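Novice: Chain by chain, the residues run as shown.
Number of protein chains: 2
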Amino acid sequence: MKKNVGIRPAAKADAGKILYFIRQLAAYEKMQDEVVATEESLREWIFEKGKAEVLFAVVDGKEVGFALFFHNFSTFLGRAGIYLEDLFVLPEYRGMGCGKKLITALAAAAVERGCGRLEWSCLDWNRPSIDFYLSLGASPLEDWTVYRVTGERLQKLADSAGV
Amino acid sequence: MKKNVGIRPAAKADAGKILYFIRQLAAYEKMQDEVVATEESLREWIFEKGKAEVLFAVVDGKEVGFALFFHNFSTFLGRAGIYLEDLFVLPEYRGMGCGKKLITALAAAAVERGCGRLEWSCLDWNRPSIDFYLSLGASPLEDWTVYRVTGERLQKLADSAGV
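Residue numbers (numbering that gives the first Met the number 0), protein chains in the order written: chain A, 0 to 162; chain B, 0 to 162.
These are calculated hints, taken from the structure and not from any lab test. Values in this document were obtained by computation on a predicted structure and should not be read as measured data. A couple of the hints might just be wrong.
Which copy is meant is left open, because identical chains are indistinguishable; a pair holds if it fits in one copy or across any two.
[Said to hold, decoys possible] Straight-line C-alpha distance at most 25 angstroms; calculated SDA-like pairs for lysine to any residue:
(1) K61 to D142
(2) K61 to L18
(3) K155 to G94
(4) K11 to L133
(5) K48 to R93
(6) K155 to I6
(7) K2 to S40
(8) K48 to R116
(9) K99 to E62
(10) K155 to Y19
(11) K48 to P90
(12) K2 to T37
(13) K48 to E111
(14) K155 to R126
(15) K2 to C121
Start from the sequences and build out the full structure, keeping to the hints where you can.
Specialist: This is the structure in structure tokens:
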């Protein structure tokens, strides 16, 4: 059945809904044990400190998917870009264009804000998503790998500063 | 010769120095043709819009390296992280610990700000950098690839929003 998909920005009162979608996405990625986010931390870091923004896809008045994003920065372009950290649509609402509507809304925001790029990461085994992204005109950055320091190792590295 | 390496944050008047380092790094990565950043765009996006921050490594009163970074966001941790976009030290000042001093300063900033992670990307052929990063306690995220939409494709995707 053809449904109308709306997009709306999330507000502070939506922290619980955002956490719900984060947990759903983590379960899909088989990483649900890694979610330590709480409603409180999301309220603080997204809405009080302004470190990310969220759009919801809405069908029949219900939030059925979300996109969480922030501004990254390209030194080559000398300006910010938009980085899509999480995109998720509830399984029973897939195939209705919710994901595409969320991504195109971000592309429009990027152009409107004068940003040079829209970027995101995808797990290499997630073939359905990769095909979808390629169909949107995205190119994979094959030659790059992300490195991460976290937890005790981050503390240890911080402790060595100024030594 | 043992030199003392200092760290200082860049200010708006440093846009020219930042651009110089960006161009040096691009040349090292064999991508100098891709740099379209200008002093003006760096002043606007880094210092007026606040979309990135820069630290300089200083030896004998001279800026000899830089780290450009911004806040990213981990939905699993429910808080921001620090993402190091560019790190560069002038060839004649390598081996003095400038790179390590810049990275540990970022690790300290991450801990001080309550961030959960410090991350960056590295070209897969850059073995000296990879070995250095592993020595700092960083782990590669092997299963992920970044996808990018830019230029005319970004405009086209934006134009399809709301359709």
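Novice: Which of the listed hints are broken here?
Specialist: Hints 1, 4, 5, 7, 10, 11, 12 and 15 not satisfied by this model.
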